[in-house]
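**Q** So for the sequence shown, my numbering puts the first residue at 30; every next one is plus one.
Simulated from the structure, these hints should not be mistaken for laboratory data. Some hints could be false.
As the list claims (entries may be wrong) - In silico DSSO-like cross-links for lysine-lysine, where the CA-CA straight-line distance does not exceed 27 Å:
1) Lys349 with Lys138
2) Lys349 with Lys111
3) Lys423 with Lys111
4) Lys111 with Lys422
5) Lys349 with Lys292
6) Lys480 with Lys347
7) Lys347 with Lys460
8) Lys242 with Lys157
9) Lys385 with Lys292
10) Lys480 with Lys461
11) Lys536 with Lys355
12) Lys483 with Lys443
13) Lys355 with Lys78
14) Lys214 with Lys202
15) Lys349 with Lys157
16) Lys347 with Lys132
17) Lys349 with Lys242
18) Lys292 with Lys347
19) Lys461 with Lys110
20) Lys460 with Lys110
21) Lys214 with Lys483
22) Lys292 with Lys242
23) Lys347 with Lys138
24) Lys237 with Lys202
25) Lys214 with Lys423
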Amino acid sequence: MSVVVNSTLNDSLRDYWQQTPLSYLVVAGAAVLLSLSTAFKFPFSGDSKIYYPPGLQIVHAWKFFTKRYDFLNDTFRQTHKKFFEFYVNQYRVVAIRGENQRKIFYTEKTLSMFQGHQFLVGAAPSLKDINVMEDRSEDFHAAFFKRLLVVQHKDRVTTMIPALFGHIDRHFKALGREGSFDPFKETHDIIFEMTARLAACRELAEDKQAIRKLIDIYLDLEHGVTAGSILFPWFPSPSRKAKANATAALYGFLNSYVELRRKDPVTSTDTIDVFIAEGCNNPTIVAVIMNIVFAGVINTGVNVSWALVHLGFNPEWKEKVIVELKSLFAEHAISHATDPLHIQLSSIPLNAWETKTPVLEGVIRETLRLTMTDAPSRRIMSDELVLDGVVVKKGQFITYSQAEVHLNPAIYPKPYTFDPDRYRRGREEDKKEAFCYLAWGAGRHPCAGIKLAKLEMKMVLAMLLLGYDYHVVDENGNYPASAPRVDRNDCHQPRPITQDRVYIEFKRVVE
Numbered sequence: 030m031s032v033v034v035n036s037t038l039n040d041s042l043r044d045y046w047q048q049t050p051l052s053y054l055v056v057a058g059a060a061v062l063l064s065l066s067t068a069f070k071f072p073f074s075g076d077s078k079i080y081y082p083p084g085l086q087i088v089h090a091w092k093f094f095t096k097r098y099d100f101l102n103d104t105f106r107q108t109h110k111k112f113f114e115f116y117v118n119q120y121r122v123v124a125i126r127g128e129n130q131r132k133i134f135y136t137e138k139t140l141s142m143f144q145g146h147q148f149l150v151g152a153a154p155s156l157k158d159i160n161v162m163e164d165r166s167e168d169f170h171a172a173f174f175k176r177l178l179v180v181q182h183k184d185r186v187t188t189m190i191p192a193l194f195g196h197i198d199r200h201f202k203a204l205g206r207e208g209s210f211d212p213f214k215e216t217h218d219i220i221f222e223m224t225a226r227l228a229a230c231r232e233l234a235e236d237k238q239a240i241r242k243l244i245d246i247y248l249d250l251e252h253g254v255t256a257g258s259i260l261f262p263w264f265p266s267p268s269r270k271a272k273a274n275a276t277a278a279l280y281g282f283l284n285s286y287v288e289l290r291r292k293d294p295v296t297s298t299d300t301i302d303v304f305i306a307e308g309c310n311n312p313t314i315v316a317v318i319m320n321i322v323f324a325g326v327i328n329t330g331v332n333v334s335w336a337l338v339h340l341g342f343n344p345e346w347k348e349k350v351i352v353e354l355k356s357l358f359a360e361h362a363i364s365h366a367t368d369p370l371h372i373q374l375s376s377i378p379l380n381a382w383e384t385k386t387p388v389l390e391g392v393i394r395e396t397l398r399l400t401m402t403d404a405p406s407r408r409i410m411s412d413e414l415v416l417d418g419v420v421v422k423k424g425q426f427i428t429y430s431q432a433e434v435h436l437n438p439a440i441y442p443k444p445y446t447f448d449p450d451r452y453r454r455g456r457e458e459d460k461k462e463a464f465c466y467l468a469w470g471a472g473r474h475p476c477a478g479i480k481l482a483k484l485e486m487k488m489v490l491a492m493l494l495l496g497y498d499y500h501v502v503d504e505n506g507n508y509p510a511s512a513p514r515v516d517r518n519d520c521h522q523p524r525p526i527t528q529d530r531v532y533i534e535f536k537r538v539v540e
């Protein structure tokens, strides 16, 4: 049998090997040869309803982790069937499509979102990687959601709004009265800072150097998750070592702030103090903080950046949002007119931010539809799951590409066009089928932090739209002819593709 070796795999392995010591190369070469030699020995189901893409399983798995969007969409274009299967190591993965399969994916109670995400994404930090254990007397996921409710409790968030607006004000004023910035860095960084303030303590969030260090650690974590580290988890690769080092650094860094708060005789309402009062040990507190920051930043930061860019390319919608914000400001702000903008905005009640901004809601909703086209995964926890006659057994995985609905012209006409009006009453394109809007999760798996994420996005956009004039420009300072294209193969933070990078040219108009 002749084998055409995939060029993407070759390029990735070549770059990897050029940076790897000789001792690793020998073991890595043996691992790859072993994988290739067993590539055709997997127990395929033989079901006629399933498409079996030709080629090596190691190549399919590599594509799944490096170019997931392209792999799933290109493979489904090769067949009329609703399913195709491939293997990641010894685990069978069934890719699905269609409304019926989608409904089961989001509603079946025997599917584990956590195990699907942990195995097929793997970027979230885990203290198990450094042999540190949280409180074993409680279920981690149940305890995490319980503590997340504490972090985003309405009364607590209300008291935090002035501090959060203060963070936004200081961050963007530090950029000067006018100039340009990379939205996919600066808005990401301020969301990071705000989330750290909500999830940890004031001492951390108000220390710019500490926040920069924390951001860098999370970037190291992201870079430590590669196709190689997932496909060869037993191999001591540089990326695997980098992730473990970053996790250890993250634990030590956050633990120092937990210790700082434990030793302070004056308690505060900050999250760390609340968890200390509950009797939580340090590993438990650190685990909650690092997972809240990871979950809160990975999507919120990149999506507020995209919202800013989309509004820059759609001046009519930008103006509609500004008009709405001015109306919100006039009706609900209760501070003095001479106060700085961030002080006046912080006097607007939380309920008004959540319920009185329908235009901004539509902008955020449309931004996420255009951006969120990844493929979440689930693991089967029951004996088996039957999907339209196709059997998926316990321990196996299913994956579903959100692009099937979010970029489907039959559901969203002109799907690549930014049009927040899609969701207004009477049009409601997002209700044409079951679960055809998935950016905030759906069914049994909604986003637990949706209110907090929306609030952070609205606050950042309000400060920039009311406090600054801005335009979107390219690296040469010219106005681009069209909006940048999304790098849909980036599973973590889908920024613009490299050749479409844009910047925000700004001038502050309100103090």
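**Q** Work down the list of hints and note, for each, if the structure agrees.
**A** Consistency of the hints with the structure:
Pair hint Lys349 plus Lys138 does not hold up; C-alpha atoms about 41 Å apart against a cutoff of 27 Å. At most 27 Å may separate the alpha-carbon atoms for a hinted pair to count; Lys349 and Lys111 exceed this at roughly 41 Å. For the hint pairing Lys423 with Lys111, the CA-to-CA distance comes to about 20 Å; that is within 27 Å, so the pair holds. This hinted pair checks out: Lys111 and Lys422 have alpha carbons roughly 18 Å apart, not beyond 27 Å.
Simply put, Lys349 and Lys292 have alpha-carbon atoms about 50 Å apart, too far for the 27 Å limit, and the pair is violated. With a CA separation close to 22 Å, the supplied pair Lys480 and Lys347 stays within the 27 Å bound. Proposed proximity of Lys347 and Lys460 is supported: the alpha carbons are some 25 Å apart, at most 27 Å. For the hint linking Lys242 to Lys157, the alpha-carbon distance of about 22 Å falls within 27 Å, and the restraint holds.
Taking the CA atoms of Lys385 and Lys292, the gap is near 42 Å; set against the 27 Å cutoff, the hint is violated. Restraint check for Lys480 and Lys461: the C-alpha separation of about 25 Å stays at or below 27 Å, so the hint holds. Between Lys536 and Lys355 the CA atoms are separated by roughly 19 Å; this keeps the pair inside 27 Å, and the hint holds. Between Lys483 and Lys443 the CA atoms are separated by roughly 25 Å; this keeps the pair inside 27 Å, and the hint holds.
Taken as a hint, the Lys355 and Lys78 pair is broken in the structure, with Cα atoms around 56 Å apart against an allowance of 27 Å. For a cut-off of 27 Å, the pair hint linking Lys214 to Lys202 stands: about 15 Å separates their Cα positions. A C-alpha spacing of about 48 Å is found between Lys349 and Lys157, which places the hinted pair above 27 Å, so the restraint is violated. Simply put, Lys347 and Lys132 have alpha-carbon atoms about 35 Å apart, too far for the 27 Å limit, and the pair is violated.
A threshold of 27 Å between alpha carbons decides the hint, and for Lys349 with Lys242 the separation of about 38 Å lies outside it, so the pair is violated. Proximity of Lys292 to Lys347 is assessed by CA-CA distance (about 48 Å); at most 27 Å being required, the pair is judged violated. For the hint pairing Lys461 with Lys110, the CA-to-CA distance comes to about 22 Å; that is within 27 Å, so the pair holds. As the CA atoms of Lys460 and Lys110 are separated by approximately 25 Å, the hinted pair is consistent with the 27 Å bound.
Between the alpha carbons of Lys214 and Lys483 the distance comes to roughly 19 Å, so the proposed pair stays at or under 27 Å and holds. The suggested pairing of Lys292 with Lys242 holds, with an alpha-carbon distance near 23 Å, which does not exceed 27 Å. Proposed proximity of Lys347 and Lys138 is contradicted: the alpha carbons are some 41 Å apart, above 27 Å. Distance hint between Lys237 and Lys202 is fulfilled; the C-alpha atoms sit about 14 Å from each other, no more than 27 Å.
Distance restraint check for Lys214 and Lys423: the Cα-Cα separation of roughly 41 Å exceeds the 27 Å cut-off, and the hinted pair is therefore not satisfied.
Hint check: violations occur at hints 1, 2, 5, 9, 13, 15, 16, 17, 18, 23 and 25; the rest are consistent with the structure.
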